[in-house]
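For the sequence shown, the numbering used here assigns the number 16 to the initial residue and increments by one for each residue that follows.
Everything labelled a hint here was simulated from the structure, so no lab data went into it. The structure displayed is predicted, hence computed values, not measured ones. Any given hint might turn out to be false.
[Unchecked claim] With a straight-line Cα cutoff of 30 Å, these simulated BS3-like cross-link-like pairs (lysine-lysine) come out:
#: 1; residue 1: K84; residue 2: K141
#: 2; residue 1: K28; residue 2: K141
#: 3; residue 1: K281; residue 2: K51
#: 4; residue 1: K51; residue 2: K28
#: 5; residue 1: K23; residue 2: K42
#: 6; residue 1: K141; residue 2: K112
#: 7; residue 1: K279; residue 2: K51
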Amino acid sequence: MTLEAIMKHGGIKTVDDFALHYDGQWKESVPGGIDKGIMSNYTSDLLFAMERLSNNPYLPFSIDGEVVKKLTGTTLEVLHEGGRLFVADHSNQKKYKTQAGRYQAACTGLFYPDAQSNQILPLAIKTNMSHVLFHVGLEIIHRSAFRSFSDVHPVMAVIDRPLYQCYDIRPVGLAYLFNTGGFFEQNFGLPASETVDYPTALYQQGAGAGPALPFHTAALYALIPTTKLAAATSADLLKWLPNEHKAMEQVGLLARFNRAEIGKNKERVFDAFSTLELLAAMARRSRWPTRSTSR
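Please model the entire structure based on the sequences and the hints provided.
As C-alpha cells, then:
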C-alpha cells in the first residue's frame with residue numbers, strides 16, 4: 016500500500032517525499048505508470064506556469080499599482096499583456112460546507128516570474144472571489160467522441176493522446192478516496208459528499224458550453240453547442256481552435272516542456288508531434304500516410 020511505503024521511509028517531511036506516493040504504486044489502476052513528464056517536472060516553475068497560463072483578456076481582480084511596482088518592478092498590465100501573469104483560482108469552492116472543525120481556503124492567487132530569483136513568486140492572494148469557472152473544455156468533446164466513435168477511428172487517435180487515462184481515476188477515487196471516512200475526509204476540510212456535489216453543480220451550470228477561453232492554454236476559443244442541431248449545422252470547426260499565431264505559441268510551449276525527453280532520445284521537435292504510435296493509429300482506418308511512407 017502507498018501509505019505503508021510512505022511510513023516505511025519515515026513519512027513526508029520534504030517535497031521530494033511526495034514521490035513515494037508513486038514509487039511502485041498504482042500498478043493496477045495505472046498499469047502504464049504515472050506520466051513521466053509530470054513526475055520529472057512537478058516541482059518546476061515551468062510546469063506550474065503551463066498549468067495556469069491565461070489567454071483571457073481580462074484580469075481576475077485588480078491590485079494596487081504601487082504594490083505591484085514595488086514587488087515586480089513593473090505594472091500589472093505589462094505582466095498580463097506579456098504573458099507573465101499566472102492564476103490559481105479556487106474561488107468556486109467557497110459555497111461548499113466544511114466538516115466540523117475543518118476549514119477550506121477558496122482563494123484566487125496571482126503569480127509572476129521574478130527576474131532576480133528566476134522563480135515563480137506569488138503576487139497577490141484574494142479570498143472569497145466571485146464564481147469563476149476553471150476547466151478544460153476539451154474533456155467534453157473527448158467524452159462525446161468516446162461514446163460515439165469506434166476505437167480505431169482516426170480522430171480518436173488524436174484526442175486520446177492528450178486525455179489518456181483521464182477517466183480511470185474516477186471509479187477508483189469514488190471507492191477509495193471520496194468514500195465516507197476515506198482518505199479525502201481524513202486529510203481535507205470538505206466531506207466526501209461535497210466532492211461529488213461540486214463537479215455535478217459545475218456542469219449543471221453550463222460549464223461544458225459556457226466558458227469559452229478559460230484560464231487554460233489548451234482551452235477552446237468558442238462556445239460549445241449545447242444541442243445536436245446546433246452542432247450539426249456548424250459548418251466551420253475552425254472557430255473552436257486558436258488562430259495560427261496562438262497555435263504556434265502552444266506548439267512552442269509543448270516543445271519546450273518535452274525538450275528533455277526529446278533530447279535524451281536524440282530526437283527532433285518534429286518527432287514530438289509525429290510518433291509512430293499516433294500515426295499508426297490514425298492510418299489504420301484511413302489512407303493517411305504513416306511516417307515511414309511519407310518520406
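Results of checking the hints against the structure:
1. K84 - K141: Status holds; Cα separation ~18 Å.
2. K28 - K141: Judged against 30 Å, a Cα distance of about 28 Å means the pair holds.
3. K281 - K51: Within the cut-off at roughly 17 Å; holds.
4. K51 - K28: Distance ~23 Å between K51 and K28 Cα, so the pair holds.
5. K23 - K42: 19 Å, holds
6. K141 - K112: Between K141 and K112 the Cα gap is close to 20 Å, so the pair holds against 30 Å.
7. K279 - K51: Measuring from Cα to Cα gives roughly 13 Å; hence the hint holds.
The structure agrees with every numbered hint stated previously.
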